[in-house]
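Trainee: Single-letter residue listing:
Protein chains: 2
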Amino acid sequence: MLRSVHRTTSAARIAQLAKRYSSYASSVFPDEPSVPQLKTEVPGPIGTQLNTNLGDVFDNRAAYFVTDYYNSIGNYISDADGNKLLDVYMQIASIGLGYNNPALKQVAKSDEMTTALINRPALACFPGVDYQKVLEDGILKAAPPGMTKVWTATTGSDANETAFKAAFMLQAARDRGSRDFNQQELISVMNNEAPGASEKCILSFDKAFHGRLFGSLSTTRSKAIHKLDIPAFPWPKAPFPALKYPLKDFENENKQEENRCLEQLEDIIVGKGKGNIAALIVEPVQSEGGDNHASASFFQGVRDITLKHNIFMIVDEVQTGVAATGKFWAHEHWNLSTPPDMVTFSKKFQAAGFYFRDPELQPRQAYRQFNTWCGDPSKALIARTIVQEIEANNLVAATASVGDYLFNNLSSLFEKYPGHASNIRGQNMGTFIAWDSPNADHRAKFLLACRAKGVNIGGCGEAAIRLRPSLAFNESHADVLCGIIENVLGEM
Amino acid sequence: MLRSVHRTTSAARIAQLAKRYSSYASSVFPDEPSVPQLKTEVPGPIGTQLNTNLGDVFDNRAAYFVTDYYNSIGNYISDADGNKLLDVYMQIASIGLGYNNPALKQVAKSDEMTTALINRPALACFPGVDYQKVLEDGILKAAPPGMTKVWTATTGSDANETAFKAAFMLQAARDRGSRDFNQQELISVMNNEAPGASEKCILSFDKAFHGRLFGSLSTTRSKAIHKLDIPAFPWPKAPFPALKYPLKDFENENKQEENRCLEQLEDIIVGKGKGNIAALIVEPVQSEGGDNHASASFFQGVRDITLKHNIFMIVDEVQTGVAATGKFWAHEHWNLSTPPDMVTFSKKFQAAGFYFRDPELQPRQAYRQFNTWCGDPSKALIARTIVQEIEANNLVAATASVGDYLFNNLSSLFEKYPGHASNIRGQNMGTFIAWDSPNADHRAKFLLACRAKGVNIGGCGEAAIRLRPSLAFNESHADVLCGIIENVLGEM
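Chains as they are written, first to last, in the working numbering: chain A, 1 to 492; chain B, 1 to 492.
Please keep in mind that the hints were generated in silico from the structure rather than gathered at the bench. Hints may be right or wrong, so weigh each one.
The list treats identical chains as one, so a pair stands whether inside a single copy or across any two.
Claimed, not checked - Below are the EDC-like pairs computed for lysine to aspartate or glutamate, each with C-alpha atoms no more than 16 Å apart in a straight line:
{"#": "1", "residue 1": "Lys453", "residue 2": "Glu491"}
{"#": "2", "residue 1": "Lys416", "residue 2": "Glu253"}
{"#": "3", "residue 1": "Lys39", "residue 2": "Asp56"}
{"#": "4", "residue 1": "Lys223", "residue 2": "Glu185"}
{"#": "5", "residue 1": "Lys105", "residue 2": "Asp358"}
{"#": "6", "residue 1": "Lys274", "residue 2": "Glu136"}
{"#": "7", "residue 1": "Lys308", "residue 2": "Asp441"}
{"#": "8", "residue 1": "Lys39", "residue 2": "Glu257"}
{"#": "9", "residue 1": "Lys39", "residue 2": "Asp267"}
{"#": "10", "residue 1": "Lys133", "residue 2": "Asp56"}
{"#": "11", "residue 1": "Lys223", "residue 2": "Glu136"}
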């Protein structure tokens, strides 16, 4: 259950563990460069040509650069021209153990993996003899407190959507009581009409991101470009606190803002959403929306409101999960009096799905929460190795520690460039750190300048810059990163 | 482009090729059993215990039996107790080349696969140096006539939903003309309201199945249990022809039924759906809905109507695609005057996504058709091997031939048991064959009796039985299958 490592670790113990395990990258990636290695511009001529060719068959307008995954290693991503960049974006927060991690290589070459890959099962109909054990030794070993069951899916979007379906089905079952489906429901649903098709909804927060399929996109409120021209369900949104940073300097103001948001949330629930909200979904840190934080007390308030009004609370840990915040799951920072009802995951875990607490969230009838694949055993094997590697190397504690080091160094650095980087956030949240550029243009220039000096970073929200390094990121990587950022800011 | 193999092959040539390549299973799976091997009941005691344990952590109420994928081979699936069953269901039509195919084993063990598995990229941002070539040598090599571009996804449901998004975005772009998004659109969409959120819809057919996420489920009309309690978009459905079988005996009646459906389709389009239908989605054979067929002329009629009214035509080949019908894509049977706009795929191809024809179906702005992973290179490698293996072994022609053999033998057999099996369908459609039991109870008994004698078969629709064997299924497998079916029917 990883409890000893990531749930109750004191600050002193974290520092001790971090020291002991600070050598993870150097022991696992002995050939990792110590600084970026640049031979050409990024992208260089080879990558540019490859990308032009790719555009003939595949939408490549979002491409940063064509990547040589064979020669990427640890925290360093290699482009097609052999440039090696320190990567603190890591495939949009999806590579946990660094590029070409040897433990993952080992599982990839195993007969277990081969069997999983070439005989992909319809898991709910023909589960493999070892699926339970693979789950128990991996995905379930990392289950958040209070959760013992999991539904496996394939992406963050469908992890969220299957969680929504579980919420809708259980709310309807409770409304229905002991009676079976009636004729009116059975007939109307085939026409996409009530009462068979639910008129309930999922509430999400302003600036949230929960995915891009039709249900998840209806809860996504990050940017217009994500949503334009796509039909959406008329589901409500509540305000998310717009806090001032650093949090410790604005405690009173922020408390008021959070209270305002909680009040509005409850107003929506008892007002226009009355009786109609099946579940609420929330990110521990609104990531795509700009790395917007809120306090543990805000989330406790959300939990209290959902319990009071019988609304399921779904915590979307697709981006925050798997150790990056210095806890295995970011919502562990909240110490909720009652755990959430469902926790969704994907990205850094490679496997996707949701954990749940109430066994009734598994629908009473078979074939309701169902699809052909219901997950992917090959991804469950990768997730198992990720859990084992995090546990064996205390990477939760190590990430908490290097995050503190990085936060402090960046904070000092940004004090020298007050017009260029503000609102640093993510203190005591591992390496889940972000700050604001003065505007989107400035950010674009900053990111390109970093790339030109060998660091790959991503943005989020209107003008934020987010760090999403791997769990193999240590103090020496932090030093390289801060050095280049200082260099870039100095020139801007 | 596989054209020589699967597009213009004469009947005589098919027979010749089939003979030449009938040895695929025996050469590739020398250890495949020649008949089912039963040691215990199915499921046996070991499998029953494993399934009970699995139920503690994972929804297993749909489980047929716990499967030993290590010991499954070719067309034979092994359960946990060592029983080996002839499998003509194949993970709900998802295993194309048989269990533990050596060509797939080879690619699974390759360094290419290891790199793809352990460094899963955000494909649209950081495409790998070899992604274009992997696509061109695999997924694109099998592209339907007229299609040169592909969007890669992860499942059938999201293949369809991303195709829907492409349709909505291009219809809106055309309505908008040269102007950019306006303020009203940019603001309203963040509240899930028109005009930013589209009020257009996707039309589907009665009894269709297109997936289980919120957009795809709104087009699914197969069974109430798939849809109950889940919110749905108010999208229209059109009638799908209810044909009489065998098709050749009811040509006139069926033609009238198809004309009735085409007229109603156009009535919906010019009536309540006027100007509001972005696309129509249709399966070549309605598979989950009961293996409902329609003629090439019906589909040509659908194509004509969609062209006349500027509605995109999406052909859902998730279940019908990849050679099972004796063409690589089932819609090739139609010889349409204009190809469909999009063709979606998943299942037997392992990789998922959609092909498209008009380059404008790639949205004008980046990050609109976008998500973290945008597919999975490890699945693209599997798909590449599947294409190569189909081509090298002429499995399209072989499947056409064994399908004819199987259809004829089953037809003769069912004549002896008229009260037990009727409406055999799928003539000249490879092994994509189905028939009706008199009712659902009878079907359940039939399927269990087959399992008890060593054949794994699936149902679909209300009382249909569908065959979905692998492409390595040959005449000797057909003989075993027919022998057991006759045995079961004789005892019923």
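Trainee: Take the hints in turn and mark each one as holding or not.
Mentor: Hint check:
For the homomeric pair Lys453 and Glu491, the shortest alpha-carbon distance inside one copy (12 Å) is at most 16 Å, but the shortest distance between copies (77 Å) is not. Within a single copy, Lys416 and Glu253 get their C-alpha atoms no closer than 26 Å, and across copies no closer than 83 Å, so neither meets the 16 Å cut-off. In this assembly of identical chains, Lys39 and Asp56 lie within 16 Å of each other by CA distance neither inside one copy nor across copies; the values are 27 Å within and 55 Å between. Taking the shortest Cα distances, Lys223 and Glu185 sit within 16 Å of each other only across copies (12 Å), while inside one copy they are farther apart (36 Å).
Proximity of Lys105 and Asp358 under a CA criterion of 16 Å is satisfied in neither setting, with 36 Å inside one chain copy and 40 Å between copies. In this assembly of identical chains, Lys274 and Glu136 lie within 16 Å of each other by CA distance neither inside one copy nor across copies; the values are 39 Å within and 53 Å between. In this homomeric assembly, Lys308 and Asp441 never come within 16 Å of each other (Cα to Cα): the closest approach is 45 Å inside a single copy and 45 Å across copies. Within a single copy, Lys39 and Glu257 get their C-alpha atoms no closer than 49 Å, and across copies no closer than 68 Å, so neither meets the 16 Å cut-off.
Taking identical chains as interchangeable, the C-alpha atoms of Lys39 and Asp267 are never at most 16 Å apart, the minima being 58 Å within one chain and 64 Å between chains. Taking the shortest alpha-carbon separations for Lys133 and Asp56, only the inter-copy value of 12 Å comes in at or below 16 Å, while the best intra-copy value is 44 Å. Taking CA atoms no more than 16 Å apart as the test, Lys223 paired with Glu136 passes in neither setting, with 38 Å inside one copy and 34 Å between copies.
In summary, the numbered hints that this structure violates are 2, 3, 5, 6, 7, 8, 9, 11.
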